[in-house]
Amino acid sequence: MPRKIIEFIYTLTPMIIKAENGYWKNCMSQEEFEQRFIINLTKKINNFKGDINDKDEINIEKFYSTIEFLNKTPVPMKYKNIKLLGDKVRLAVLDDEKSQEMAYLSLGVGLGEMNSRGAGFVNYRWL
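Quick note on numbering: the sequence shown equals residues 0 to 126 in numbering that gives the first Met the number 0.
Keep in mind the hints are simulated off the structure, nothing from the lab. Note that beta-carbon positions come from the ideal geometry of N, C-alpha and C, so glycine has one too. Just so you know, not all the hints are guaranteed correct.
[Unchecked claim] In silico SDA-like links for lysine to any residue, alpha-carbon gap of 20 Å or less:
1. 3 with 124
2. 61 with 108
3. 42 with 62
4. 42 with 104
5. 24 with 12
6. 71 with 32
7. 61 with 35
8. 79 with 116
9. 17 with 35
10. 61 with 39
11. 17 with 42
12. 61 with 30
13. 87 with 67
14. 24 with 35
15. 87 with 9
16. 77 with 113
17. 82 with 114
18. 17 with 75
19. 61 with 33
20. 42 with 103
21. 17 with 115
22. 61 with 100
23. 3 with 95
[Unchecked claim] If you anchor each label on the Cβ, the simulated ranges turn out as follows:
24. 2 with 26: 38 to 44 Å
25. 1 with 120: 16 to 22 Å
26. 19 with 49: 27 to 33 Å
27. 95 with 19: 33 to 39 Å
28. 24 with 96: 30 to 36 Å
Take these sequences, add in the hints, and give me the full structure.
Listed below in structure tokens is the structure:
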């Protein structure tokens, strides 16, 4: 894929963030939600690059300027005879090199949890 500046990334399948009490909006704030998926993505990137030295210290940096929820109600996804609820989101990616790298890698690994089950699949739009 040619390297161009990514303006937006958006999920094609719901981004799942598992919480103890079910759907995340019932038990955590939007800030906590954003922290969870940024930490999750950072761990995936560190694992991919082999930077696993500082597992306890994860530098949480936003790689986007805005987050927009594209659904009005939670989007269900079937998993083992239950429905997990997630959200479709669009992120406006920052122009700096690290943010662009995180956006590129999210195209391959997805956003949120349960990516191996097809959740959090991401597409992009160039600048």
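A quick look at each hint next to the structure:
For a cut-off of 20 Å, the pair hint linking residue 3 to residue 124 stands: about 10 Å separates their Cα positions. Restraint check: the Cα-Cα separation between residue 61 and residue 108 comes to about 17 Å, which is no more than 20 Å; the hinted pair holds. A hinted pair counts as satisfied when its Cα atoms are at most 20 Å apart, and residue 42 with residue 62 qualifies at roughly 14 Å. In summary, the hint linking residue 42 to residue 104 is supported, as the alpha carbons are separated by about 12 Å, within the 20 Å threshold.
Taking the CA atoms of residue 24 and residue 12, the gap is about 18 Å. The hint holds against a cut of 20 Å. For the proposed pair residue 71 and residue 32, the alpha carbon gap of about 17 Å is at most 20 Å, so the pair holds. For the proposed pair residue 61 and residue 35, the alpha carbon gap of about 11 Å is at most 20 Å, so the pair holds. The hinted pair formed by residue 79 and residue 116 meets the criterion: a straight-line CA distance of about 11 Å does not exceed 20 Å.
The suggested pairing of residue 17 with residue 35 holds, with an alpha-carbon distance near 10 Å, which does not exceed 20 Å. Between the alpha carbons of residue 61 and residue 39 the distance comes to roughly 12 Å, so the proposed pair stays at or under 20 Å and holds. Restraint check: the Cα-Cα separation between residue 17 and residue 42 comes to about 16 Å, which is no more than 20 Å; the hinted pair holds. Distance hint between residue 61 and residue 30 is fulfilled; the C-alpha atoms sit about 11 Å from each other, no more than 20 Å.
Restraint check: the Cα-Cα separation between residue 87 and residue 67 comes to about 9 Å, which is no more than 20 Å; the hinted pair holds. Distance restraint check for residue 24 and residue 35: the Cα-Cα separation of roughly 13 Å lies within the 20 Å cut-off, and the hinted pair is therefore satisfied. About 7 Å separates the Cα atoms of residue 87 and residue 9, which keeps this hinted pair within 20 Å; it holds. Restraint check for residue 77 and residue 113: satisfied, since their Cα atoms lie roughly 12 Å apart, inside the 20 Å limit.
Straight-line distance between C-alpha atoms of residue 82 and residue 114 comes to about 15 Å, which keeps the hinted pair within the 20 Å bound. This hinted pair checks out: residue 17 and residue 75 have alpha carbons roughly 13 Å apart, not beyond 20 Å. Pair hint residue 61 plus residue 33 holds up; C-alpha atoms about 9 Å apart against a cutoff of 20 Å. Taking the CA atoms of residue 42 and residue 103, the gap is about 15 Å. The hint holds against a cut of 20 Å.
In summary, the hint linking residue 17 to residue 115 is supported, as the alpha carbons are separated by about 14 Å, within the 20 Å threshold. Taking the CA atoms of residue 61 and residue 100, the gap is near 12 Å; set against the 20 Å cutoff, the hint holds. Taking the CA atoms of residue 3 and residue 95, the gap is about 12 Å. The hint holds against a cut of 20 Å. Between residue 2 and residue 26 the C-beta distance comes to about 39 Å, which sits within the given range of 38 to 44 Å.
The given range of 16 to 22 Å is respected by residue 1 and residue 120, whose C-beta atoms sit roughly 21 Å from each other. Between residue 19 and residue 49 the CB atoms are about 32 Å apart, so this pair conforms to the stated range of 27 to 33 Å. At roughly 35 Å, the beta-carbon separation of residue 95 and residue 19 lies within the given 33 to 39 Å, and the hint holds. Here the CB-CB span from residue 24 to residue 96 is close to 33 Å, well matched to the stated 30 to 36 Å.
Violated hints are absent here; each numbered hint is respected by the structure.
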